[in-house]
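Q: Letter by letter, the chains look like this.
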Amino acid sequence: MPLTIAEKILARHAGLETVEAGQLVICALDLVMANDVTGPPSIKEFEKIGRPVFDAEKIALIPDHFQPAKDIKSADLAKIMREFARKNKITHYYEQGRVGIEHVILPEFGIVAPGMLIIGADSHTCTYGAVNAFATGVGTTDLAVGLATGKAWFKVPESINVHLTGKKPKNICGKDVILTLIGKIGVDGALYKALEFTGDGVAELSMTDRLTISNMAIEAGAKAGLFPFDKVAEMYVARRVKKTFEPVNADENAKYCSTVEINLSELKPVVALPHLPENVKPVDELGEIKINQVVIGSCTNGRLEDLGIAAGILRGRKVHNDVRCIIIPGSQEIYKEAIRCHWIDIFIDAGCVVSCPTCGPCLGGYMGILSAGERCVSTTNRNFRGRMGHVDSEVYLASPFVAAASAVLGKIATPEEVIGYEN
Amino acid sequence: MKIEGKVWRYGDNIDTDVIIPARYLNTFDPAELAKHCMVDIDETFAANVKAGDIMVGGKNFGCGSSREHAPIAIKASGVPVVIAASFARIFYRNGINIGLPLLEIGDAVEKISANDVLKINTDTGTIENLTTGDIFHAHPLPGFVQEIANAGGLINYIKAKN
Chain A
1 MPLTIAEKIL ARHAGLETVE AGQLVICALD LVMANDVTGP PSIKEFEKIG
51 RPVFDAEKIA LIPDHFQPAK DIKSADLAKI MREFARKNKI THYYEQGRVG
101 IEHVILPEFG IVAPGMLIIG ADSHTCTYGA VNAFATGVGT TDLAVGLATG
151 KAWFKVPESI NVHLTGKKPK NICGKDVILT LIGKIGVDGA LYKALEFTGD
201 GVAELSMTDR LTISNMAIEA GAKAGLFPFD KVAEMYVARR VKKTFEPVNA
251 DENAKYCSTV EINLSELKPV VALPHLPENV KPVDELGEIK INQVVIGSCT
301 NGRLEDLGIA AGILRGRKVH NDVRCIIIPG SQEIYKEAIR CHWIDIFIDA
351 GCVVSCPTCG PCLGGYMGIL SAGERCVSTT NRNFRGRMGH VDSEVYLASP
401 FVAAASAVLG KIATPEEVIG YEN
Chain B
424 MKIEGKVWRY GDNIDTDVII PARYLNTFDP AELAKHCMVD IDETFAANVK
474 AGDIMVGGKN FGCGSSREHA PIAIKASGVP VVIAASFARI FYRNGINIGL
524 PLLEIGDAVE KISANDVLKI NTDTGTIENL TTGDIFHAHP LPGFVQEIAN
574 AGGLINYIKA KN
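Heads up: the protein sequence lines correspond to chains A and B, in order.
So the first sequence is numbered by our numbering: it starts at 1 and just counts up by one.
So the second sequence is numbered by our numbering: it starts at 424 and just counts up by one.
Just so you know, the hints here were simulated from the structure itself, not pulled from any lab data.
These figures come from a predicted structure and were not determined experimentally.
For glycine and all other residues, C-beta sits at the position ideal for the given N, C-alpha and C.
One thing to keep in mind: the hints can contain errors.
Stated by the list, open to error - BS3-like mimics (lysine-lysine), calculated; alpha carbons at most 27 Å apart, straight line: (1) Lys-155/A x Lys-584/B; (2) Lys-44/A x Lys-79/A; (3) Lys-243/A x Lys-336/A; (4) Lys-582/B x Lys-44/A.
Unchecked claim - Pairwise CB distance ranges (calculated): (5) Lys-89/A x Gly-575/B: 30 to 40 Å; (6) Arg-86/A x Met-424/B: 35 to 45 Å; (7) Glu-416/A x Thr-554/B: 52 to 62 Å; (8) Ala-28/A x His-560/B: 31 to 41 Å; (9) Thr-554/B x Leu-24/A: 28 to 38 Å; (10) Gly-556/B x Asp-76/A: 48 to 58 Å; (11) Thr-467/B x Val-353/A: 29 to 39 Å; (12) Lys-584/B x Gln-96/A: 34 to 44 Å.
Take the sequences, apply the hints, and build the full model.
A: Here it is as structure tokens:
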């Protein structure tokens, strides 16, 4: 029977020849991941089970959400995870100064690899679908059981075929692709399902684009957002992944529950208006929306290419007087490379705040909390009510192109309004 | 489990950021989380909810973050069961895993209003709206997922298997 990527990876990890959508399976896990918010309660549940960790090399504990500690309680959370990591000799625990945002560093360090099955106590664990891994977010109890047993149960999802064609224009990146898709299918459009990206358009997308797209699969309710293993993926993992791996591509005639067509060449810069990621509109249809803050970073858009896009727009320009612009490289490596490229100079000369890697403002943790009535254009992934601060603040999700252009003009803007682009 | 309680009614796409905002995630103490449950969309909930009251939402209830703090905050508020048209996937797993029954009833949820009194049998999935007289049946849990629910959650289920 021809299989989708999701079906193949789950079958392999369940020790089965084949599986079909809807089937319940118990699978062996290749990686179990948590952060400083979800790790400590997972550790507490894990201790109730009364077993040792299943494999200290297959666990990643990443203190990125509220660290460096924003307050005493957050310092306590980091301490619980640090002590657990030491006691259990967890290979992939990274201390502040070496750590970055979980979904940025795990691919960058080559810890996630094609064909792997991964659970993470963070909903954006689906990011690793870009690297051809079946990766999905779980809660703390599933994670605790994963830590103890190295196993988890799954209902094999149906897959939606997201068929990409055309070439993306120069002012478009992965963020516009995924926001456009969520705008089409809605925040529950892929509920209980996997997204699988297919078609000639896939080859047009960089790994940064793919990581952004897979990252926000959960914003359509999806369990995973899977890319095939092609030349782009091969080049990305070749430099990073040291262990052997088994990439997975879908069979011809694999069964999809539906198909969504996206022609990349027709895409326009878009934003998701408050308070749902499905409220997607082209920027040029918005009229004037003045803003107070811009955030460029996060597990969605905190990679080198994203910072390069922002630097290209901010070079020789100033952030608007009414705007605070906060830039957060996703990892120490990205931070260093941005320094080498003189992009950090550009950001600081433009009047931006540059922070160490952290999830900070994305979830209203710290480093850019909004006051009542304030508006923020953000390259992050959620614009729920109160997500970034006060319940009466507003978050507009956008690409780094739109975010940087908006920082300069003090209103939501297309990159063309700041800098000319020829396609 | 048989439950009779008053309904707190919410809409579609109730996300985990409103169930428990991230500013309260520097602790995972259930009683502390319960103090702030739903605060961003309903300031009256935490102060007025009574043990046995029932939470009812629309489609895609619990979307967003994987934070198990969300179903824990609801459970620690004294709410023994949540009913919705549909649940977001991670929230659904989390509810089952911590022993908070979640009943999915599709569009029938539109026949439940705020302050209605419901009588629920979580074992059979039968929901009786005592205010209107309507009776609904929730979709049953598949295979061993029902056994996890019966065990009161995943940790109990795993320990029993040891």
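Q: A separate judgement is required for each hint: does it hold in the structure or not?
A: Status of the hints after comparison with the structure:
Our distance criterion of 27 Å between C-alpha atoms is met by Lys-155/A and Lys-584/B, whose separation comes to about 21 Å. Distance hint between Lys-44/A and Lys-79/A is fulfilled; the C-alpha atoms sit about 13 Å from each other, no more than 27 Å. A C-alpha spacing of about 26 Å is found between Lys-243/A and Lys-336/A, which places the hinted pair at or below 27 Å, so the restraint holds. With a C-alpha separation of about 15 Å, the suggested pair Lys-582/B and Lys-44/A falls inside the 27 Å cut-off, and the hint holds.
For Lys-89/A and Gly-575/B, the hinted distance range of 30 to 40 Å is satisfied, since their beta carbons lie about 33 Å from each other. Taking the beta carbon of each, Arg-86/A and Met-424/B are about 41 Å apart, inside 35 to 45 Å as hinted. In this structure the hint that Glu-416/A and Thr-554/B lie 52 to 62 Å apart at CB holds, the actual value being about 57 Å. The hinted range of 31 to 41 Å is satisfied by Ala-28/A and His-560/B, whose Cβ atoms lie roughly 36 Å apart.
Distance hint for Thr-554/B and Leu-24/A: a CB-CB separation of about 37 Å, consistent with the stated range 28 to 38 Å. Take Gly-556/B and Asp-76/A: their Cβ atoms lie about 51 Å apart, and the range 48 to 58 Å holds. For Thr-467/B and Val-353/A, the hinted distance range of 29 to 39 Å is satisfied, since their beta carbons lie about 37 Å from each other. In this structure the supplied range 34 to 44 Å holds for Lys-584/B paired with Gln-96/A, their Cβ-Cβ distance being about 38 Å.
The earlier numbered hints are all upheld by this structure, with none contradicted.
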